[in-house]
Amino acid sequence: MFDSPFSKSVGYFNHYSPVVSERLMSGKTKLFGHQKEALVKIWEQAANGELEPRRRSPNSGASLLVMGVGTGKTAVLTSLPFVLAPYMQGRQTMIVVDNCTLRGRILQDFPTDSRHCPVYEQWPLYNLGILPPGVPPPQIAELRAEDWKSYGFNLDSADLLVVNRQFLLQLVSRGDIDPGNVGLLLIDEAHHSPASSYRTVFEYFSTSMLVFLTGSRFRSDSKPIPYIRYNTFESESETGSKLMRYSPMADFEFSIQDAWKLDPPPIKKLMYKEATSRALLVLENGVEVEYSREGFFAKAESDREWLRQILLADAFCMPVLQQAVSILKSKRATGQPHKMIVRALNINHAHRLFKLLESFDLLAGKVGLVHSDKDGFDLAGRPTEVYKKFFSGEYICLVHCSMVGEGFSHEWASVCVPLCVIRSLTVAEQEFGRIIRRVQGRPPGKFPDYNHENWGVVVTHEMLEIGPLFQKFIEGMPTAPLSGYGETPSLSVEPILEKPRLTSEYEAGETTLTLTNTQTLKPGDLILLSATIQPVAQPIPKFDLVEELRSTGSLSIDNIEWH
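Every number in my numbering is 3 more than the matching position in the sequence shown, counting from 1.
If you're looking for bench data, these hints aren't it; they were derived computationally from the structure.
All the pointers check out, no bait thrown in.
Quick list of in silico lysine to any residue cross-link-like pairs, SDA-like style, CA-CA up to 20 Å: (1) K332 x P322; (2) K449 x L265; (3) K332 x F363; (4) K264 x F35.
Could you put the whole structure together from the sequences, leaning on the hints where they help?
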């Protein structure tokens, strides 16, 4: 991209830091109040020395920003290098994301034309007034494995590096990036950062300032984000016993609920719609049994596996799909390219929903299907054909099984259909958050409107009892505890262990590795394989008296008695 004349001298961000700071303080930007507040808060931390790399410890040395989907996190992220530049030891800033899709999402905010020249009017740095007209943009390098050979000439001169975690680990292991040049690490989707692979990155860039950004305050596996503060509080378990839990302390937080309070809100508003049934016909042991609403709930509470089987029935799914397709058709009748996302219970259910949706005239040939055994993202996180067709508009409905979450961003996705069991608010937030990004047009009014471009709709079945979770999502949670603990766990940072290496002979095709349970795996986790190598017992040599005497010097021609 644009070659900054300051990249190899004083540093681009440091040179223009006074310009950006003055514009922020004098109100010359178009940033929202909460975005400016976030930038000022982190600037104060840096000025007080709280972000100095030497101060890294289990509970200090980094900053945590929690900003909900669509609330302007990217504008804050791209402004931070200017604000923090006077305190950075290196001149470059590196944005680290968890996969290639997120990396591409960052680069969407820095569009260029066919000649790779910046399209200034589309850059938030310019259209939000962070940089004034005439100031050159930073030189940006998107580090990609497939184009790595072409970066040799400009890697050191770039001001802003954008890279996904998987590829960064390769660069770190080879020493391809000078850690002394990188003064600031911005970790997006920071709830992945407890993974050991991130610890390797943090150790390598030991002189870089650290800022974590996320829309989710906690991980479901209870592992803490390193170098940030945690707050403990008392809670009660399901059995009534007292538990001490802990929650990350954000240095600045602006939730989806906070965004809805703005006038106009910067995100879509959401409404909730349920399909209802007076009774259900359930096939049990070859016999149809009719359940009332009350009987259904009673049975579902006592037999979860029975409930899961019910969800696979067409009679259960069709009322929901009919209602959802009707809403989608109404929204698209306005001439706008609204789309729908459907979540299935499991892979078999996903295939069945795909066939049912294809039977609607509106969706014939326009439904995509993704799950762990089919198209989705490749091993590097790049979207494959199904997602590409959904983004381009060839598909207007996407059926998935736990495959659409963070990093999946499409502004015209506005109908969400969860046809599965959801008990966790974390999962619900991810599902509802996919249809919350605002589109161009009228701001959402105070009253729900199916046809409004900035009202999203969640459609499900009343028997799934997702309504209470939706209400919690709308209201927000005052705290976000990490899960699964009887005592407050240690927040100390685990030491970085040397990666195991294969030292014994290995022949492809001769060794089979089998994973029998992957339910607890989370994005960013590493699968470590270890094997106990039994030493080969050496055969005991046959005792030889002559050799023994020779070794001790007791055997010579002189002391042999001849007979």
